[in-house]
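Chemist: Sequence:
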Amino acid sequence: MLFSLYYIFLFSHIAEGLTLIFKVIPMLLMIILATIQKPLHVRKYQLLIITGLIFCMIGDYTLQWFLVGLTSFLIGHIFYIAAFVTAHKQQVPAWAKLILLLYGAMMGIWLAGSVFQTGSTLLGIAVLAYIAIIFTMGWTAIQTGSKFATIGALLFIASDSYLAINKFVAPLAFSHEVIMLTYYSAQFLISLSILQYSETRSKVIQY
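The sequence shown begins at 1 in the working numbering and counts up by one.
Hint data in this document are derived by calculation from the structure and do not stem from the laboratory. Just so you know, not all the hints are guaranteed correct.
[Unchecked claim] Simulated restraints, written as ranges between beta carbons of each label pair:
| no. | residue 1 | residue 2 | range |
| --- | --- | --- | --- |
| 1 | S120 | L10 | 17 to 25 angstroms |
| 2 | P171 | I99 | 25 to 33 angstroms |
| 3 | L98 | H13 | 14 to 22 angstroms |
| 4 | H41 | H13 | 20 to 28 angstroms |
| 5 | G113 | H41 | 42 to 50 angstroms |
| 6 | L20 | F174 | 30 to 38 angstroms |
| 7 | L98 | Y61 | 34 to 42 angstroms |
| 8 | L33 | H13 | 21 to 29 angstroms |
| 9 | G113 | L10 | 23 to 31 angstroms |
| 10 | Q117 | L5 | 20 to 28 angstroms |
| 11 | G113 | I14 | 29 to 37 angstroms |
A virtual CB, placed ideally from N, CA and C, is assigned to each residue, including glycine.
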């Protein structure tokens, strides 16, 4: 948390050549946090989350080459989806389905439309694919019944929405602070969902 806050709010004090290093340090520590947990009965879930975290960390570093970073994040989300599917425990409420579908469609039309207008067809297709995957990640996170996974996934959607609008539509105020604060919070909660899911599973098995 301290490294995250340092990168978010003291970004301007970091030497230019070290910014990417400081950016990935919080993710590296979250991977360690996810690895040292000793959950019961959810080893597969833990491994999938850790793999997702690793690909997201790679995405953090490679986002300077946008399509490469976007692809890495997309793969990370696929691993999160796989993890959440293994923890499926409830249906998504109708109101949540409606919000996710409407918001996802709106972002797809708005963002991908802006990219296609610039003539970047490949990037536009990549943006559409990414939007579909991240909203699927949010959908499956809700199905786990885990507050950590659900809030983490929704914060990830918020972070990426702010980033995409800032990049493809118009500059937004405090973009660095908002994007990174919601992003690190999302990853931290998703990491903690390993232990929360383990405790839930243990109670179910005992009963």
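Chemist: So, for every hint listed, does it hold in this structure?
Modeler: We went through each hint and held it up to the structure:
no. : hint                           : result
1   : S120 x L10: 17 to 25 angstroms : violated (34 angstroms)
2   : P171 x I99: 25 to 33 angstroms : holds (27 angstroms)
3   : L98 x H13: 14 to 22 angstroms  : violated (44 angstroms)
4   : H41 x H13: 20 to 28 angstroms  : violated (45 angstroms)
5   : G113 x H41: 42 to 50 angstroms : holds (45 angstroms)
6   : L20 x F174: 30 to 38 angstroms : violated (21 angstroms)
7   : L98 x Y61: 34 to 42 angstroms  : holds (37 angstroms)
8   : L33 x H13: 21 to 29 angstroms  : holds (26 angstroms)
9   : G113 x L10: 23 to 31 angstroms : violated (36 angstroms)
10  : Q117 x L5: 20 to 28 angstroms  : violated (37 angstroms)
11  : G113 x I14: 29 to 37 angstroms : holds (35 angstroms)
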